[in-house]
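These protein sequence lines map, in sequence, to chains V and X. Heads up: the first sequence at position 88 corresponds to 88 in this note's numbering, and the numbers run straight through without jumps. Heads up: the second sequence at position 98 corresponds to 98 in this note's numbering, and the numbers run straight through without jumps.
Think of the hints as simulated: they come from the structure by calculation, not from any bench. Computed from a predicted model, the values in this text were never measured in an experiment. Be careful, since some hints might not be right.
[To be verified] In silico DSSO-like pairs for lysine-lysine, Cα to Cα no more than 27 angstroms straight-line: (1) Lys111/X to Lys249/X; (2) Lys379/X to Lys461/X; (3) Lys9/V to Lys339/X; (4) Lys281/X to Lys393/X; (5) Lys93/X to Lys73/V; (6) Lys109/X to Lys339/X; (7) Lys413/X to Lys93/X; (8) Lys281/X to Lys111/X; (9) Lys281/X to Lys109/X; (10) Lys9/V to Lys93/X; (11) Lys73/V to Lys109/X; (12) Lys111/X to Lys73/V; (13) Lys9/V to Lys413/X; (14) Lys413/X to Lys18/V; (15) Lys18/V to Lys92/V; (16) Lys92/V to Lys339/X; (17) Lys73/V to Lys92/V; (18) Lys109/X to Lys461/X; (19) Lys379/X to Lys393/X; (20) Lys93/X to Lys18/V; (21) Lys461/X to Lys393/X; (22) Lys249/X to Lys461/X; (23) Lys92/V to Lys109/X; (24) Lys18/V to Lys339/X; (25) Lys393/X to Lys249/X; (26) Lys339/X to Lys93/X.
[To be verified] Here's a subset of chain X near chain V, in silico, CB distances under 8 angstroms, partners left out: (27) Phe98; (28) Gly195; (29) Ile240; (30) Val244; (31) Leu338; (32) Leu341; (33) Lys355; (34) Arg381.
Idealized CB from N, CA, C, for every residue including glycine.
This is what each chain is made of:
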Amino acid sequence: MSIQAETVKQVAVLARLKIADEALPAFVQQMSNILSLVEQLNELDTQNIAPMSHALDMPIPERPDIVCNANRKEAMLSNAPDCVDGYFQVPKIIE
Amino acid sequence: MDPSQLTLVQTQSMLRARQISARELAIAFLDRIDRINPDINAFITVDREGALRAAQQADERLHQGNATPMTGIPIGVKDLFCTENLRTTCGSKMLSRFIPPYESTVTRKLKEAGAVILGKTNMDEFAMGSSNETSWFGPVKNPWDPQRIPGGSSGGSAAALAAGLALATIGTDTGGSIRQPAALTGITGLKPTYGRVSRYGMIAFASSLDQAGPMARSAEDAAVVLQCIAGHDAQDSTSIRADVPDYAKTLYPRMDAIRIGIPTEYRPDNLLPEIQQALEKAEQIFRDLGAVLVPVSLPHTRYAIPTYYIIAPAEASSNLARYDGIRFGYRCQDPVDLKDLYTRTRTEGFGDEVKRRIMLGTYVLSSGYYDAYYRKAQKVRRLIANDFHEAFKSVDLLLTPTTPTTAFPLGDKIDDPVAMYLSDLFTINVNLAGLPGISIPCGTDAQGLPIGMQLIAPILKEENLLSAAHAFQTATTWHQRKPEL
Numbered sequence: 001m002s003i004q005a006e007t008v009k010q011v012a013v014l015a016r017l018k019i020a021d022e023a024l025p026a027f028v029q030q031m032s033n034i035l036s037l038v039e040q041l042n043e044l045d046t047q048n049i050a051p052m053s054h055a056l057d058m059p060i061p062e063r064p065d066i067v068c069n070a071n072r073k074e075a076m077l078s079n080a081p082d083c084v085d086g087y088f089q090v091p092k093i094i095e
Numbered sequence: 001m002d003p004s005q006l007t008l009v010q011t012q013s014m015l016r017a018r019q020i021s022a023r024e025l026a027i028a029f030l031d032r033i034d035r036i037n038p039d040i041n042a043f044i045t046v047d048r049e050g051a052l053r054a055a056q057q058a059d060e061r062l063h064q065g066n067a068t069p070m071t072g073i074p075i076g077v078k079d080l081f082c083t084e085n086l087r088t089t090c091g092s093k094m095l096s097r098f099i100p101p102y103e104s105t106v107t108r109k110l111k112e113a114g115a116v117i118l119g120k121t122n123m124d125e126f127a128m129g130s131s132n133e134t135s136w137f138g139p140v141k142n143p144w145d146p147q148r149i150p151g152g153s154s155g156g157s158a159a160a161l162a163a164g165l166a167l168a169t170i171g172t173d174t175g176g177s178i179r180q181p182a183a184l185t186g187i188t189g190l191k192p193t194y195g196r197v198s199r200y201g202m203i204a205f206a207s208s209l210d211q212a213g214p215m216a217r218s219a220e221d222a223a224v225v226l227q228c229i230a231g232h233d234a235q236d237s238t239s240i241r242a243d244v245p246d247y248a249k250t251l252y253p254r255m256d257a258i259r260i261g262i263p264t265e266y267r268p269d270n271l272l273p274e275i276q277q278a279l280e281k282a283e284q285i286f287r288d289l290g291a292v293l294v295p296v297s298l299p300h301t302r303y304a305i306p307t308y309y310i311i312a313p314a315e316a317s318s319n320l321a322r323y324d325g326i327r328f329g330y331r332c333q334d335p336v337d338l339k340d341l342y343t344r345t346r347t348e349g350f351g352d353e354v355k356r357r358i359m360l361g362t363y364v365l366s367s368g369y370y371d372a373y374y375r376k377a378q379k380v381r382r383l384i385a386n387d388f389h390e391a392f393k394s395v396d397l398l399l400t401p402t403t404p405t406t407a408f409p410l411g412d413k414i415d416d417p418v419a420m421y422l423s424d425l426f427t428i429n430v431n432l433a434g435l436p437g438i439s440i441p442c443g444t445d446a447q448g449l450p451i452g453m454q455l456i457a458p459i460l461k462e463e464n465l466l467s468a469a470h471a472f473q474t475a476t477t478w479h480q481r482k483p484e485l
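Next comes chain X alone, as it looks inside the complex (with noise of 0.2 angstroms):
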């Protein structure tokens, strides 16, 4: 059996059907990480031990016959959210060696419903990055181009799957870090609406802007796992109270009478001629499935990433400042007091980027600039999510590119941030304004890399993105590509 051939939702009926024991599943995705993860570095950690534990708990709940849509099912968790007993590193030196106390909720409620997590994927510092160069355990190779990033922050989620390492992962996405590098590596990835999955658990960078979601070969698959993860938690505060659809019930092939519009600001000039060849052509299909296509206007689309680069490295510096070297993570030699083991455990500790936006969150919230900056960004922030809310009064959805680019070469923008922080042009809008949005394969350019599109819809409306992708992906092959390893 080769692994890397199978669908989610395929793997589910054949464990029903036990053409297949989760056993031997988790041991050919564990032998597959073996043999190809040191190319691409995706996974920090793999969990061999906790994996066939899992594995031979969820043969038994298949055994009799009480298994869920996700018993047995390989996956990879971003390196993230706090595993209780396994090592969670956020991708820094500063948590090389933590050891979670406490299990997230996310984890959580996939370890209840039996999944197989094989260990914890490779990401961006703290998720502050789009190219995953940042990790302090080394950069993710693109499976697809391993002279290339694979996008970020969550690039190791994204390449696992690209590479057929797992049958679906969780990433987190803050400014774009799970569509992005879906996008760019040629899977599905839905970053869901603020507050539909419970942030309890995870490494926090910019609270009012992460989320967590499901990053899948298809729609279909998404769909399963968006289900096992979503939901109100009394112990994240900002968890949306609203029943959760029956999501695997709302996937429909066509999109009759459904008003996709198409926001004239995601269509620069200088967008790269292939993404913009490939989104004609899915427009088209959309149309042969029934939709009716609009043009709409965002107009504040421009001032999305300076809104975002003052609101999250704000919320990233105080969210930080936890990292003193006291109570656990790194701590530097032979401090001399108290101040010296503050300042070195966290300038030995932190990477050039983590470090980067502190600073610049503490610029923006020192005294008299508040106003100035972080007052000014979030009055922004309400303009920009009010383009979105008036142009769903006469649309569904809406229809961007994923990224401005293709897969960029590694150590392209390393050096220059404010050309990184462009890569998230299109996806940043959506965390600021709340909604869910999700990246589907959609083209390939020239030299095969694959092209990402965007769909964006009202929040809580998952289940639209789900259906739309659904029904794109009934009509197209795109997302079932696959590179050659």
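Just chain V, same shape as in the assembly (with noise of 0.2 angstroms):
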């Protein structure tokens, strides 16, 4: 299957992601030829086959909901890009 260069930017947009547009030829090539390889599952008839969403069948233990890490607020904030008086910054989102 091919894919248009128009859904790549589409795609992009919703990845939060921009394709130079010299870099756009090779990629739309190139995400062409994986989606060409993932078809060939269209040969399985798979109609009755339960869908596999965890590498194994086990439960998944519930277990009582304690809080048991600290306030680490100094710690989390000093990997942050910028902030400002214990709070992350960002630009401004509302004039």
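Both chains come to you apart, so use the hints to assemble them.
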């Protein structure tokens, strides 16, 4: 299957990425090749097969919902690209 | 002392007998890293200070007599395990200055056992790649031939071992990222059952497939490392609640009455002839050790790569949505508004392969395509897993090549993603089914490059893999070969 350049640009917007115009043709070609590869799955009849969403069939046990981590505000903020007065800083959103 | 000649198990007894101190050992490895790492680029970060501190504590424990089998052992850890206060990059510009505020379970267990972490090893960016060429910190060179790739994504962990820069390393394996580089560098690499080792603090790529495991110079060494890191962890809801056997005690030199299945689908016509021959010789060795070999069929094998390249990118596109430039990681300069901040941060912070997979994942999960791609792939995933479960009704283990070729030249496949993806032809199925698999050296090609073979076992049968690999390594010397450096 081939994918159109317009579709690739639209997907990039959804993924919050920008593909440079000069890189676009190669990107479109590579994505088309990968999609052709994955379309081999259409050869298989999977009508009555249950989807496998987890690597193992095992129950996920519940546990009591107890806070067990301390307030690490300073440690969490220490990796922030920009913060002020104990808050993450972002560009102005509302005029 | 030449640290590159040691094994983990030998070193344990030397430390216990006080023939060497943990400090002397750490210094010997750090000096060797200083000398050799600039040529092969296996480490992104070398933590000399932390290693020497850990070595000193290890010496105190050895002196007090409360050492564990990992105490004083110098190791490398793939740079996607969060290490508190030690930079963790995941091979990406996005995290090139990230200092984790917490410790992954795997590294916590290693540190508590007294292991000496020498540094963080190089890897494909966000573990996406099969050649270690997508790392933002530059490619890793294969110690057997610096013009060639070491495999990926745990290429730094594999190359560090092959070059004698650590006694063991930790890798992760989402589609073959421990086993494929292990094969291409002539070392032993084990991917445990999904859930055997905690994923807490591992930077996520494809959460239903990711699994950490040991890389070592022998199965015996790998058993010691797995013992340390395996087991249930309340911090990871997908970790398995099952007892961990004593792996060192389950290693046997014989394989009497063990049934090994040879899947016909794993011997394609275009398999490198030297790999085919090495596998045939290995089969004979297993027979001589007492095993019974039988042909088996895994009919959905060829659908594994297409299935994986829907499921893994879909999960990755979701996992990597968190890199938005707000709370941690890279942020672009002077954003004009929030959308510009997100888009430029991600465009500048991610490399091409990561972008490609995020785009693919976004596409296959987008409205109207979900059933055609993601749901379809989940159904085929079950067919692939069922093939294995069916085969394991009549055999104990499966034996396959680990890779279709030996190490290829740098640059050979980097511009052709589909060709690169096919490098994982024999390993990806195992992740989809959640099974444990091990790669061990079993020969060389005409140029002397290592060939690896893979053994696969049912869920939670790591001890059977390690025992079979140990029996093979008792009868052969391929795992003792070392490159000249």
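Hints versus structure:
| no. | hint | verdict |
| --- | --- | --- |
| 1 | Lys111/X to Lys249/X | holds (23 angstroms) |
| 2 | Lys379/X to Lys461/X | holds (25 angstroms) |
| 3 | Lys9/V to Lys339/X | holds (16 angstroms) |
| 4 | Lys281/X to Lys393/X | holds (26 angstroms) |
| 5 | Lys93/X to Lys73/V | holds (25 angstroms) |
| 6 | Lys109/X to Lys339/X | violated (41 angstroms) |
| 7 | Lys413/X to Lys93/X | holds (22 angstroms) |
| 8 | Lys281/X to Lys111/X | violated (40 angstroms) |
| 9 | Lys281/X to Lys109/X | violated (39 angstroms) |
| 10 | Lys9/V to Lys93/X | holds (23 angstroms) |
| 11 | Lys73/V to Lys109/X | holds (25 angstroms) |
| 12 | Lys111/X to Lys73/V | holds (25 angstroms) |
| 13 | Lys9/V to Lys413/X | holds (25 angstroms) |
| 14 | Lys413/X to Lys18/V | holds (24 angstroms) |
| 15 | Lys18/V to Lys92/V | holds (22 angstroms) |
| 16 | Lys92/V to Lys339/X | holds (11 angstroms) |
| 17 | Lys73/V to Lys92/V | holds (23 angstroms) |
| 18 | Lys109/X to Lys461/X | holds (22 angstroms) |
| 19 | Lys379/X to Lys393/X | holds (22 angstroms) |
| 20 | Lys93/X to Lys18/V | holds (17 angstroms) |
| 21 | Lys461/X to Lys393/X | holds (14 angstroms) |
| 22 | Lys249/X to Lys461/X | holds (14 angstroms) |
| 23 | Lys92/V to Lys109/X | violated (43 angstroms) |
| 24 | Lys18/V to Lys339/X | holds (12 angstroms) |
| 25 | Lys393/X to Lys249/X | holds (26 angstroms) |
| 26 | Lys339/X to Lys93/X | holds (20 angstroms) |
| 27 | Phe98 | holds (6 angstroms) |
| 28 | Gly195 | holds (6 angstroms) |
| 29 | Ile240 | holds (7 angstroms) |
| 30 | Val244 | violated (16 angstroms) |
| 31 | Leu338 | holds (5 angstroms) |
| 32 | Leu341 | holds (6 angstroms) |
| 33 | Lys355 | holds (6 angstroms) |
| 34 | Arg381 | holds (4 angstroms) |
When each numbered hint is compared with the structure, violations occur for hints 6, 8, 9, 23, 30.
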